[in-house]
Amino acid sequence: MEEERITALLFERSEEALSALSEKYGRICENVAKNILKNNEEAEETVSSALLAVWNSVPPKRPEHIGAYFIKTARNLALNRLEFLSAEKRGSGNAEVALSELEECIPSGTSVEQKIDESVFKTAVEDFLRNQPKEKRNIFILRYWYMYSVSEISEKYGIGESKVKSVLFRMRNELRKKLKKEDFI
328 MEEERITALL
338 FERSEEALSA
348 LSEKYGRICE
358 NVAKNILKNN
368 EEAEETVSSA
378 LLAVWNSVPP
388 KRPEHIGAYF
398 IKTARNLALN
408 RLEFLSAEKR
418 GSGNAEVALS
428 ELEECIPSGT
438 SVEQKIDESV
448 FKTAVEDFLR
458 NQPKEKRNIF
468 ILRYWYMYSV
478 SEISEKYGIG
488 ESKVKSVLFR
498 MRNELRKKLK
508 KEDFI
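If you read the sequence shown in my numbering, its first letter stands for residue 328, the second for the next number, and so on.
In short, the hints are calculated from the structure, not lab data. Some clues are possibly wrong.
[Claimed, not checked] Below, computed lysine-lysine pairings styled on DSSO-like, alpha-carbon distance capped at 30 Å:
1. LYS483 to LYS504
2. LYS399 to LYS388
3. LYS508 to LYS463
4. LYS483 to LYS351
5. LYS463 to LYS492
6. LYS449 to LYS351
Work out the full structure, taking the sequences as your base and the hints as a guide.
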(Lines of atoms letter the chains of each structure in order from A and count residues from 1; the text may use other names and numbers.)
(Lines give C-alpha, C1' and ligand atoms only; values in the text may rest on other atoms or scores of the structure.)
Protein backbone atom coordinates (compact mmCIF):
# COMPACT_ATOMS: atom_id res chain seq x y z
CA MET A 1 0.00 0.00 0.00
CA GLU A 2 1.27 3.49 -0.85
CA GLU A 3 2.21 5.97 1.87
CA GLU A 4 -0.47 8.46 0.78
CA ARG A 5 -3.15 5.79 1.16
CA ILE A 6 -1.88 4.80 4.62
CA THR A 7 -1.96 8.46 5.70
CA ALA A 8 -5.48 8.82 4.31
CA LEU A 9 -6.59 5.74 6.26
CA LEU A 10 -5.10 7.22 9.44
CA PHE A 11 -7.11 10.38 8.86
CA GLU A 12 -10.21 8.22 8.36
CA ARG A 13 -9.32 6.51 11.68
CA SER A 14 -9.32 3.14 9.93
CA GLU A 15 -7.45 0.41 11.77
CA GLU A 16 -6.44 -0.93 8.38
CA ALA A 17 -3.84 1.85 8.39
CA LEU A 18 -2.07 0.26 11.35
CA SER A 19 -1.94 -3.12 9.63
CA ALA A 20 -0.60 -1.56 6.44
CA LEU A 21 1.94 0.54 8.33
CA SER A 22 3.11 -2.46 10.32
CA GLU A 23 3.31 -4.66 7.23
CA LYS A 24 5.25 -2.13 5.20
CA TYR A 25 7.58 -0.64 7.85
CA GLY A 26 7.29 -2.83 10.95
CA ARG A 27 10.33 -4.93 10.17
CA ILE A 28 12.69 -1.99 9.74
CA CYS A 29 11.30 -0.40 12.91
CA GLU A 30 11.89 -3.61 14.79
CA ASN A 31 15.47 -3.85 13.45
CA VAL A 32 16.20 -0.27 14.52
CA ALA A 33 14.76 -0.96 17.98
CA LYS A 34 16.72 -4.24 18.27
CA ASN A 35 19.96 -2.47 17.32
CA ILE A 36 19.35 0.04 20.08
CA LEU A 37 17.91 -2.17 22.80
CA LYS A 38 19.59 -5.52 22.02
CA ASN A 39 16.43 -7.26 23.20
CA ASN A 40 13.77 -8.78 20.92
CA GLU A 41 10.88 -8.42 23.37
CA GLU A 42 11.71 -4.79 24.15
CA ALA A 43 12.00 -4.09 20.42
CA GLU A 44 8.60 -5.63 19.68
CA GLU A 45 7.04 -3.63 22.50
CA THR A 46 8.68 -0.46 21.20
CA VAL A 47 7.25 -1.01 17.71
CA SER A 48 3.79 -1.53 19.19
CA SER A 49 4.20 1.68 21.17
CA ALA A 50 5.33 3.48 18.02
CA LEU A 51 2.21 2.30 16.16
CA LEU A 52 0.07 3.66 18.98
CA ALA A 53 2.00 6.94 18.97
CA VAL A 54 1.47 7.33 15.22
CA TRP A 55 -2.24 6.48 15.64
CA ASN A 56 -2.55 9.13 18.35
CA SER A 57 -0.64 11.84 16.48
CA VAL A 58 -2.03 11.43 12.94
CA PRO A 59 -4.27 13.39 12.75
CA PRO A 60 -3.74 16.25 13.52
CA LYS A 61 -0.17 15.88 12.22
CA ARG A 62 0.19 15.09 8.54
CA PRO A 63 3.73 13.77 8.01
CA GLU A 64 5.05 14.10 4.49
CA HIS A 65 6.44 10.54 4.65
CA ILE A 66 4.45 8.33 7.02
CA GLY A 67 7.05 5.54 6.84
CA ALA A 68 9.89 7.83 7.92
CA TYR A 69 7.65 9.26 10.64
CA PHE A 70 6.90 5.75 11.96
CA ILE A 71 10.57 4.73 11.88
CA LYS A 72 11.67 7.95 13.61
CA THR A 73 8.99 7.48 16.26
CA ALA A 74 10.13 3.89 16.90
CA ARG A 75 13.78 4.98 17.08
CA ASN A 76 13.04 7.77 19.55
CA LEU A 77 10.95 5.46 21.73
CA ALA A 78 13.75 2.86 21.68
CA LEU A 79 16.30 5.49 22.73
CA ASN A 80 14.00 6.62 25.55
CA ARG A 81 13.56 3.00 26.62
CA LEU A 82 17.33 2.46 26.55
CA GLU A 83 17.82 5.49 28.76
CA PHE A 84 15.27 4.11 31.21
CA LEU A 85 16.82 0.63 31.19
CA SER A 86 20.31 2.07 31.63
CA ALA A 87 19.15 4.12 34.59
CA GLU A 88 17.79 0.94 36.08
CA LYS A 89 21.14 -0.83 35.47
CA ARG A 90 19.37 -3.41 33.32
CA GLY A 91 20.27 -2.27 29.83
CA SER A 92 23.40 -1.64 27.88
CA GLY A 93 24.64 -1.94 24.38
CA ASN A 94 25.72 -0.54 21.12
CA ALA A 95 23.55 2.59 21.16
CA GLU A 96 25.27 4.06 24.20
CA VAL A 97 28.67 3.51 22.64
CA ALA A 98 27.59 4.97 19.29
CA LEU A 99 26.04 8.03 20.92
CA SER A 100 29.10 8.59 23.11
CA GLU A 101 31.24 8.63 19.96
CA LEU A 102 29.23 11.61 18.71
CA GLU A 103 29.26 13.58 21.97
CA GLU A 104 32.11 15.86 20.95
CA CYS A 105 30.28 16.77 17.73
CA ILE A 106 27.08 17.87 19.45
CA PRO A 107 26.71 21.28 21.06
CA SER A 108 26.12 21.20 24.80
CA GLY A 109 23.83 23.30 26.95
CA THR A 110 20.22 24.26 26.64
CA SER A 111 20.17 28.03 26.20
CA VAL A 112 17.27 29.63 24.36
CA GLU A 113 19.64 30.65 21.59
CA GLN A 114 20.72 27.04 21.12
CA LYS A 115 17.11 25.88 20.99
CA ILE A 116 16.44 28.41 18.23
CA ASP A 117 19.52 27.20 16.35
CA GLU A 118 18.45 23.53 16.40
CA SER A 119 17.01 23.65 12.88
CA VAL A 120 20.16 25.40 11.62
CA PHE A 121 22.25 22.70 13.32
CA LYS A 122 20.12 19.98 11.73
CA THR A 123 20.58 21.58 8.33
CA ALA A 124 24.36 21.77 8.84
CA VAL A 125 24.54 18.05 9.67
CA GLU A 126 22.30 17.17 6.72
CA ASP A 127 24.49 19.26 4.39
CA PHE A 128 27.59 17.57 5.75
CA LEU A 129 26.13 14.11 5.08
CA ARG A 130 24.75 15.10 1.67
CA ASN A 131 28.27 16.09 0.57
CA GLN A 132 29.82 12.76 1.56
CA PRO A 133 30.34 9.83 -0.82
CA LYS A 134 27.41 7.42 -0.68
CA GLU A 135 29.25 4.58 1.08
CA LYS A 136 30.70 6.86 3.77
CA ARG A 137 27.32 8.54 4.31
CA ASN A 138 25.61 5.16 4.61
CA ILE A 139 28.20 3.87 7.08
CA PHE A 140 27.71 6.99 9.21
CA ILE A 141 23.91 6.68 9.10
CA LEU A 142 23.97 2.95 9.86
CA ARG A 143 26.14 3.61 12.91
CA TYR A 144 24.57 6.73 14.35
CA TRP A 145 20.95 6.55 13.20
CA TYR A 146 20.22 2.83 12.98
CA MET A 147 22.75 1.98 15.71
CA TYR A 148 24.45 -0.86 13.84
CA SER A 149 27.61 -2.18 15.45
CA VAL A 150 30.94 -1.75 13.69
CA SER A 151 31.03 -5.48 13.00
CA GLU A 152 27.53 -5.42 11.46
CA ILE A 153 28.53 -2.55 9.16
CA SER A 154 31.76 -4.35 8.27
CA GLU A 155 29.83 -7.46 7.34
CA LYS A 156 27.19 -5.52 5.39
CA TYR A 157 29.80 -3.75 3.22
CA GLY A 158 32.35 -6.56 3.08
CA ILE A 159 35.11 -4.38 4.50
CA GLY A 160 37.28 -4.72 7.57
CA GLU A 161 36.21 -3.39 10.95
CA SER A 162 39.31 -1.21 11.05
CA LYS A 163 38.21 0.51 7.83
CA VAL A 164 34.73 1.13 9.27
CA LYS A 165 36.26 2.57 12.44
CA SER A 166 38.60 4.73 10.37
CA VAL A 167 35.77 6.06 8.17
CA LEU A 168 33.68 6.89 11.24
CA PHE A 169 36.61 8.54 13.03
CA ARG A 170 37.45 10.72 10.03
CA MET A 171 33.82 11.66 9.45
CA ARG A 172 33.35 12.62 13.10
CA ASN A 173 36.46 14.81 12.87
CA GLU A 174 35.22 16.41 9.63
CA LEU A 175 31.79 16.99 11.17
CA ARG A 176 33.33 18.49 14.30
CA LYS A 177 35.46 20.87 12.16
CA LYS A 178 32.39 21.91 10.16
CA LEU A 179 30.37 22.53 13.29
CA LYS A 180 33.21 24.51 14.92
CA LYS A 181 33.54 26.60 11.77
CA GLU A 182 29.81 27.36 11.92
CA ASP A 183 30.04 28.14 15.69
CA PHE A 184 27.93 25.24 16.93
CA ILE A 185 30.65 23.90 19.20
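### Message
Hint check: LYS508 vs LYS463, CA-CA at most 30 Å. Holds or violated?
### Response
21 Å, holds
### Query
Going straight from one Cα to the other, do LYS463 and LYS492 come out at no more than 30 Å?
Between LYS463 and LYS492 the Cα gap is close to 11 Å, so the pair holds against 30 Å.
### Message
With the threshold set at 30 Å, check whether the alpha-carbon distance from LYS399 to LYS388 stays at or below it.
### Response
14 Å, holds
### Query
Is the Cα-Cα distance between LYS483 and LYS504 30 Å or less?
Holds - the C-alpha atoms of LYS504 and LYS483 are around 28 Å apart, at most 30 Å.
### Task
Starting from LYS483, check that the Cα of LYS351 is at most 30 Å away, please.
Holds, because 22 Å separates the two Cα atoms, which is no more than 30 Å.
### Query
Under the criterion that the straight-line Cα-Cα distance not exceed 30 Å, is the pair LYS449, LYS351 satisfied?
Status holds; Cα separation ~27 Å.
Consistency with the previously given hints is maintained throughout, with no hint failing.
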